[in-house]
Each structure stands twice: as C-alpha cells, then as structure tokens.
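Chemist: Given the structure of chain A, go ahead and fit chains B and C onto it with the hints provided.
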Amino acid sequence: MAGRAQRNGTLIVLGALLIFLISLSLSGSNFWQSIVINLGMYIILVVSLNLSNGFTGVFSLGHIGFMALGAYISAILSLPLSQKALYLPHLPAWLAATHLDMMIGSFPLGFLLATLIAGLVVTGVALVVGLVLMRLSGTFVSLATLGFLVIVRIVLINANDFTRGSRTFSNVTQYTDLWWVYAWLLVAIYMVWRIKFSPYGRSMFAQREDTVAAQSVGIVIMRPRLFAFAVSAFFTAVVGALWAHYLTSFSPNAFYFDLAFSIITMMVVGGMGSITGSIIGPILITIISESMRRVEDLTQLYGITQIVLAVLFILVIIFRPGGLFGDREINFAAIWGRLRSGRGAGEPKPQNVE
Amino acid sequence: MKIRSTILVLFTVLVAVLLSSFSMVSAQTDTIKIGLGFDLSGAESSLDLPASNGAMLAIKEINAAGGVLGKQIEGVSHDTRYDMALTAQVAHQFVEQDNVSAVVGFTDSDSVLAAGPIIQAAKIPFITAGATSPLLPSQVGDMFFMACFGDNVQASASAEYAYKNFGHTAYLLLDQGVEYTTLLAGYFKTRFEQLGGTIVLEDTYADDATDFSTQITKLRALSTQPDFYFVSAMPYNVGPAVLQMRQAGIDGPIIGGDGYDTPDIVSVAGDSANNVYFTTHALMDPDNGTDPIKKFFAAYSAEYGHAPENAFAALGYDSMNLLADAIKRAGSTDATAIQQALLQTSDFPGVTGSITFANGSHIPQKAVTIIKIVDQKFTLAQELVPEIVAPANPESTETPTAEATASS
Amino acid sequence: MSLPLYALQQLINALSIGSLYALMAVGLAMVFGILRLINFAHGDMMMVAAYIAAFALIAGIPLPIALLMMVLGTILITLVMERVAYRPIRTAPQVAALLTSFAVGQILENSALLVSRFARKPEQIAFPSIDLLRGTLKIQLAADVLQIPKVNVVSLVLGIVLLILLSLFVTRTTLGLSMRAAAEDLQAAQLMGIDTNRVIVTAFVIGAILASVAGLLYAVQSGTINPIMGFSPVLKAFIAAVIGGFGSISGAVVGGFTLGLLEVVLTAVPGLGDILPAATTSPGVISFFKTYLPSSLTSYRDAFVFVILILLLLVRPGGILGTTDRDSAR
Chain A
36 MAGRAQRNGT LIVLGALLIF LISLSLSGSN FWQSIVINLG MYIILVVSLN LSNGFTGVFS
96 LGHIGFMALG AYISAILSLP LSQKALYLPH LPAWLAATHL DMMIGSFPLG FLLATLIAGL
156 VVTGVALVVG LVLMRLSGTF VSLATLGFLV IVRIVLINAN DFTRGSRTFS NVTQYTDLWW
216 VYAWLLVAIY MVWRIKFSPY GRSMFAQRED TVAAQSVGIV IMRPRLFAFA VSAFFTAVVG
276 ALWAHYLTSF SPNAFYFDLA FSIITMMVVG GMGSITGSII GPILITIISE SMRRVEDLTQ
336 LYGITQIVLA VLFILVIIFR PGGLFGDREI NFAAIWGRLR SGRGAGEPKP QNVE
Chain B
1103 MKIRSTILVL FTVLVAVLLS SFSMVSAQTD TIKIGLGFDL SGAESSLDLP ASNGAMLAIK
1163 EINAAGGVLG KQIEGVSHDT RYDMALTAQV AHQFVEQDNV SAVVGFTDSD SVLAAGPIIQ
1223 AAKIPFITAG ATSPLLPSQV GDMFFMACFG DNVQASASAE YAYKNFGHTA YLLLDQGVEY
1283 TTLLAGYFKT RFEQLGGTIV LEDTYADDAT DFSTQITKLR ALSTQPDFYF VSAMPYNVGP
1343 AVLQMRQAGI DGPIIGGDGY DTPDIVSVAG DSANNVYFTT HALMDPDNGT DPIKKFFAAY
1403 SAEYGHAPEN AFAALGYDSM NLLADAIKRA GSTDATAIQQ ALLQTSDFPG VTGSITFANG
1463 SHIPQKAVTI IKIVDQKFTL AQELVPEIVA PANPESTETP TAEATASS
Chain C
25 MSLPLYALQQ LINALSIGSL YALMAVGLAM VFGILRLINF AHGDMMMVAA YIAAFALIAG
85 IPLPIALLMM VLGTILITLV MERVAYRPIR TAPQVAALLT SFAVGQILEN SALLVSRFAR
145 KPEQIAFPSI DLLRGTLKIQ LAADVLQIPK VNVVSLVLGI VLLILLSLFV TRTTLGLSMR
205 AAAEDLQAAQ LMGIDTNRVI VTAFVIGAIL ASVAGLLYAV QSGTINPIMG FSPVLKAFIA
265 AVIGGFGSIS GAVVGGFTLG LLEVVLTAVP GLGDILPAAT TSPGVISFFK TYLPSSLTSY
325 RDAFVFVILI LLLLVRPGGI LGTTDRDSAR
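Protein sequence lines, in the order shown, are assigned to chains A, B and C.
Our numbering puts the first residue of the first sequence at 36, with every later residue one more than the last.
Our numbering puts the first residue of the second sequence at 1103, with every later residue one more than the last.
Our numbering puts the first residue of the third sequence at 25, with every later residue one more than the last.
Chain A with its partners taken away, still in its complex shape (with noise of 0.2 angstroms):
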C-alpha cells in the first residue's frame, strides 16, 4: 500500500532527524550547533526561495529583503522595554510600548508572536510587492527585485528611528535554538510539500513550462504565482525573525548581494523545483565551505571557497541545468520498502549528514 508505505518511510526520515537532533543537542557543543542551525535556516531560505522561483520560474533575486524586514521587525517587537529606551527611543509610542518578549513558564511565547506578527506583516508587504512586479516577466522581474533588495536596504539605513540606520542593531534577546529553528524547518517543508502536490502546485508548474499553454487551459496566471511568492515571502521573514535572534546583532549591510546569492547558489545546485534539493543543495555547499575554509586557513589562499563555489555552480549550470535533483522528490515509500526487505526502488538519501 503506497500510502501506508509512504508515510511509514516519512515517519523513518523524521525520527532520524529527532535523534540526530537530540543527540547533537545533548552534545553540547556550541560550535556544531551553529553549523547545523545555520543550515536549518538557510534550508527554510532555499526552500521558500524554490516555491516562488522554482515553482513557478519566476525569478526574484531579492527575496533577502524580506527576510531583513523580518528580522528588524520582530526584533523591534521583541526588544524589552528597558532595551527598547536605550536604544531606541524615537520610536512612536504604541511601537515603544510594545514589547513581545513574555514567557510562558520557559516557553517564550513573545518571540513566537513577534516572530508571527513580522511574518504577516512581510507577506502583506509582499502581496503588494507582488501585484507590483508581478505583471513582469524574464529577466525584467528578477532586475525589478534586485530593486527590491536596493530599496529595502536605503530604505532601513535611513529609518533611524526603528532601525538604528547604519549602525548595528543590537542587544536583541536570544531565543532562536535548534528546536526552534527545526520545527520551522518542519512547518515549512509541509507547507511547500502540499503545495507542489496540489491543484494549485500543479498549474504553478504548468505555467512554470509555457505560460501561453497554460494560459490557454484557464490557468490564471496572477494568483497561484502571487500566492507562492507571498507563501515564500512568509517563510523568508520567519527566518529573518529566526536570525535575528540567534545572533542577536546585525545590521543592514547583513542582508545584500553576498546573501542573496548564496542562496540562489545552494537552490540550483540542489535543483529548482525539488524540495528535496532545497535540502540537500545547502547540506552540499554547507559540507564544502566548511571544508573549504579549513583549506583556507592552511593555506592563507583567502578567496578560494568562492572560487570554488562559483566554478561549481557554471559546472551545474552547464552539466546540469536542473540541479542534482531537478523536479524530483526522495521516494519516502522506497525508504521504507528498503528498510522491511531490504531492497526497493530509488535510492534512500541520508537526511542530514554531518
């Protein structure tokens, strides 16, 4: 039975994962930590970044302005009062007041509100954004986002007030964790997951093939690319909230080009359109920068992980324009298949690997 053995295999995934988390967290080492949490978060960025460019082929490259917007806004909500008038005091006085960072009992119930309130607020921004940029189409839409990113960064070094302009906004509570950063992780593979597997994830990838075609079937184009784009915005600024309060300071030179970028890097290495991809290409470009950098600092050849990287990726493009995985998705049915009997179709992928 597909479905049984599908879900089996799935429940096989995430109870790997459960332990690798456990284990890694009763570890206590900070410092593998931080790798794994940083790539948890850099597989939410992927992940939605593939819903809105992979899925439906448009592409924007200023995605990392949402998630900057997600991180000064839940910060400014989340900042304790005290904090709040050293820092900032101009700040309007409902804005002053507000302060998110209540707990109940150890669970601290303020980040996760100013984590939700920062994402709604971005995909209202992005809804608009959308209908804007929307209408365009090629290479037009992703220089229109780049504008995007440009304006959202003119547009927080100047707002002294609520952002500290230039200067680094600090003191932010940390509250981000590996559980915190996972169970996002979760919440959004799931969502993006029943998207791509649904009527509405169908006709985005119709459109993605030939707008013309698709058009003349009566697939609006409009709404299900202005849904993923707002979807993924969401999920953007949720890791923006994320990030913020993991490394508690930043400013908004963090969120520009070099960013963008590597994102956009980890997205067609790992295969635009497979949300499996989503998940390995970071794994993958996480597992040689790390490497790379030791190399680094053997050898004081500063810059060569970028040449790398970037040597990669044309390979990628070139060789293998889809990426390692192009549409497709790990077969959970074939893990458990394998796993009762021993052999089975496709092959099992190991989730995270250190």
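Where hints are given, some of them may not hold.
[To be verified] Derived DSS-like pairs: lysine-lysine, alpha-carbon spacing no greater than 27 angstroms straight-line: (1) B:Lys1397 <-> B:Lys1430; (2) B:Lys1397 <-> C:Lys145; (3) B:Lys1397 <-> B:Lys1173; (4) B:Lys1430 <-> B:Lys1173; (5) C:Lys174 <-> B:Lys1479; (6) B:Lys1396 <-> C:Lys174; (7) B:Lys1479 <-> C:Lys145; (8) B:Lys1162 <-> B:Lys1396; (9) C:Lys145 <-> B:Lys1162.
[What the hints assert, rightly or not] Here chain A is said to cover these stretches of chain C; the calculated rule only asks that three of the stretch's residues, wherever they fall, bring their Cβ under 8 angstroms from a Cβ of chain A: (10) 76-88; (11) 319-331.
No wet-lab data here; the hints were simulated from the structure.
Ideal Cβ placement from N, Cα and C applies to all residues, glycine included.
Modeler: Chains B and C alone, transformed into the frame defined by chain A:
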C-alpha cells in the same frame, strides 16, 4: 546513477577532509593559542587585512624573541568573510575547537557584536583591533577590551580643535552607508553644536561614490563659505573627496577622523591634501616618528612588501603586543588573570600611542593626536584630550558631563 | 552663485557622470542585444582592466603601452569567459545566464584578491596618477566659475567618440550589420548564413573594450582599486540600460545620461533651502525647501532611482526609447 554515486563519493571525501582537519589545529599543546578573527576577503578587508597583518607580525616578533612565559604564541586565524553567521561560528570554533586563550580581531562593530557574546560567555578575553564604537564594552561584557579610543572621543577632539582654530561655522559631509562614519559625524555634530557652532550645510554620499561633484557644487553655491569642512570618510573615499574638493576651489581646512590615516590620501590627492587635518591615534611617520614607529614600518614593509596601509595595521600590531604583555604580567594564560592584567595596564607603549585602562574602563585612555598634512607629509598639529566627550549613546538624553578622561 | 548658474553647473555634472554611465551601459547593452544575456561580470571586467593598467603602470611601462595591454588583456579574459562559461549555456533560459555571469564575477573578484596577495600588494591599491587626467577645467562665466574635472571631460569626449565609432561600425560594416541582424533575431540571422559565433564574439570584444575604458576612468576618479570595485558600476550600468531601453545602444546612451541627471537632481534639489540666496528668494520658497526637501533627503537617492526604475518597467518596459524586445517585459 553515475552522478549520484560521484556525489556520494565527493560527500565522503569532503567529510573526511573536514574531520581530519581537526587534528591539525590542536596538534601543538605547548603553545599559547590566540584566536585571530578578521574579514580577510570580504567588504571590510581593506581594514581587517592590515590589522591581521599587524597582529601576525607582532606574533612573529614575539616568538623570535622567545615567546611569552617561555612558550611560543600560535596565532589561529580564521577568515570571517564579513558574514555575521560565519563570524559567530568562528567564535564558537575559537572557543570550542581551537581552545584559544584569547581572541584579537575585527575593526567593525557588526563583527564584534556577532562574535563578542559567544567569546564573553566562554569567559575568554577579547581585544578588538579597530572597532571604535564606544558602546561596545557595555554591549559585549567585561572580557572585552578596545585597543583604541572611542569615536565619540576623537569626534569631540576634532570639534573642539576646529572650533578653537578654524571657526564656528562648518560643512558636514558623511558616508551614509557605514556605521563608523555615521557615528563619527553624529558625535562631531553634537559636540560642535554644544560648543556653539553651526552646521550651515549637511550632505551625504553613498559608500561606493567616486564622484563628489554634485555635493561640491551645492557647497560652492553657498553664499558664504563656512569656516571649515568636516568630512566623515572611510580610507577608500577620503582621497578622491579631498582631491575633488580642492580642485573645485574649496580651500578652507578639511578635518576628519582616523579614516584619513592612510598613505592613500596623499597618493591619491597629492598636493591637494594640504590644509587637511585628522584625528588619529599617533603620528605614524616613518621619517619623523619615534624609533618604535620606524621599526614597525620597516618590519611591516619587509614582511608584506608594502608600507602599512592605514592606522589599522598598527592597531592590530598593538593589540597583539598588548595582549602578550598582559599575559606576561598575569603570569599565566588564565582568563581572569589576563583580564585583571589588562585592566591594570598603565602606559603600555604602543606604536599607536600609550595605552592605559583607568578606573575599570575597557576603553583606553589615549590622547587624541591631530595630524596636519603639510607638503604631502603627516605632521603633528596637536595632541589633545577633549574637555567634554559627546555621550557614547547618541540617543541618550543626559547632558554630557565634564570628563577629564576618555572613558565611556 | 546664482540659481541659473547653479543649475548649469549641476547640469554639467550630470553630463559628466552620465557619460561614464553611458559608456558602461553600452557595453552591457551590446551583449544583451544579441545574446539576451545580462552580464553581471561586466563590472568585474572593468576591475580586471583597472588591475592590468595599474600593475603595468606601477611596473614602469609607458602609458600608451600600458593602455594597450589593458585593452588586450581584458579582451583576452572576456574571450576565455565567453568560450568556457557562456557558450555552453547559450540555449539555456535567460536566468541561467544571468546567474552564471554572477559566478564568473565571483571567480574574477577572488582571483584578483589572490593575485594581489601573491604580488604582495595591499588589498586596496592606489592607482598610479595619470597627469593628463588630473586637474579641473575652469570656465569663467560672469562672476562665477564653471568647473569640470578633467577626467570627466575625457569621459565625455571619449564616450562620444567611441559611440560614434560604434554606430559607424554597426551601420557601415558587414560585421556590424550582421550584429544588428543577430540582435533582431538570432535564429533568423543564423538561417541567413551569418556566423553567429563570430558575431557574438565581436559583441563581447566590443563590450570588453568599452568596459576597459570605463574601468580606467573609474579607477582614475576613485584613486584606488580593489577586487570589488566593479560591483556598483555594473548595477548603475543596468539601471541606465534599462531606463533607456534595454538592448539598444542608443537606449543605453540615453539611459546613462538620464541616470546621471536623475542622481544629480536627487542630490542637488534637496537642501536648496540652505543655499538659495536669501536676498533674492522669497522666504516662502526657502522654508518650503527646508521643510519638505531638506538636504538629508539625499540619502534616499538610490532608493528613488530604483523606484523610478520599477515604475518605468511597469509603465514602459521598453524604456525611454521604447525599444521593443522580442522578449518583452510583459
């Protein structure tokens, strides 16, 4: 599929590299490990690379002279690429894997604030080579020390100097995209206006600007020119800015911060760099400086093939020497001992000036050196300690109190 | 300074800035016109040119030869780039090419970093001064002086000369005509027997020449060179090309000057309240400017430029000149 198995092989190889490289770092146990955190290939590298060079030069010299407490210093250097997530990760790496006794690094607040809390939580001393925001010690913690005065100190010094020597009206031009220049301009304006000065025109430029004609035209259009011009610029902008201003006929005194302390200002602006002043840490001139300065210049050029690029090279050098000195005085690499030794530092002879941490402050009490450029050479205009320092937190509503020292 | 003279001076500033942008934008438009490739690495080609020129001049090589080396070196690297990275993906979707160009840029930037390290040069290298390009041209006009920095004059003149040569090439020579044909419809041109490889390579070569000239002028203006100096020029070049009408050379030129004008206006107008002569201007006007257009508004300049760009893309995707693109924005 062939590609799949190739990928798997690649995976394994890379993981093997990753894991095997662990053993390389902690191989020697008989050294004092110092973490060196700098952006060596990213946006901040024009400042961080010289600082890192300076620090590594200091290590080399210390080791050649026998090391500290009989042990050699091992500098463990990681490039943070100006990526804050990576910076935090590097901090974890220093603490957990490299087992460093102390960290020296960074010339900007973003990086310090990304790495600081982690190093502080591990109770490891952290000296920043060049971050100058005076708010940092209160934001990071008691293990954190700055090797140079805060921006509010140098800005107040230039405000006082300019008010006394140039006049009471000023033009303010600042780089809007960077924290240092924004803070510096803000502190200057606060102090200058407090003295009774007026800013007749304020303008900004983008961090990547190379042409300042538009702003200069606006300036020229003023019916009367102000008494002087405060240009808050980074080392890579100050050359063209000064050159273009002079070429446009703006002859009045131009003054700025330690971003001007780079040979590029003279090599780019040439003889336009006359009547230019700036606040910095010490007069670092290979011809007119003190013997230690001359030695530093010579050693740096021999090691790296060119003169120190800017003040940060010397600051990196001093930070490392300061740390080594503190370890020696502490008599051990115990973190608290080093911290106490640092707090008791008095008149440590750095290339960038004498360093004293007084009254429990983690920002050194250093007089501000005001340099005047004459005939394309840096000359000493004055050394001064500002009478009143603009408050470190620009949003603070407290009125600045008369402080004789440069502590925050 | 009287208001008309202020306006005139700022206009001249706009033309100077615009000519540099136009030069950069045309290089970009050349390649886009034929290949529909937005070459993000264009800025890095400028950087490579500046580095070659810098190293040559520092080594003592006389100026004319150094410049020749600069142009040839840039062309060489561009050709390698085209052959290795761009040719294989010619049939891939546009976005793939754009992303590839970014990866190529990364390779160039980090290679420059490594080369500097090997050559034991600082990360930020002072560009050797070229006496021809130092100084300001001053024109006395009534009681005031109009000023144009010499390097800006050279940009303007060089820009015009190169563009005239380019248009002659494109309209009078066979190769040029083939390029125009290819820009119209690559496949049709191929069917007509035009060697598309040759055409594409020519486009890249011309782009490389323009990039190297722009890179040199940029380096002279900023005084120092570093591996990421090409990033913001290429961004400006895009905006300029799109504003004018992406794909056409004249569009790039118009766009470049428009962008220059836009930037100057966005800096020159805010703050007028502080510089308008109180004696001859009504207090109402001055207070209007001080309240609604203070000088601090200039920091929003870049954002406004992008907003205008986006509005333009929506309303008139063909840019100012209304170039119809076979792959139009809608």
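Chemist: Of the numbered hints stated earlier in the document, which are not met by this structure?
Modeler: Structure breaks hints 6, 10.
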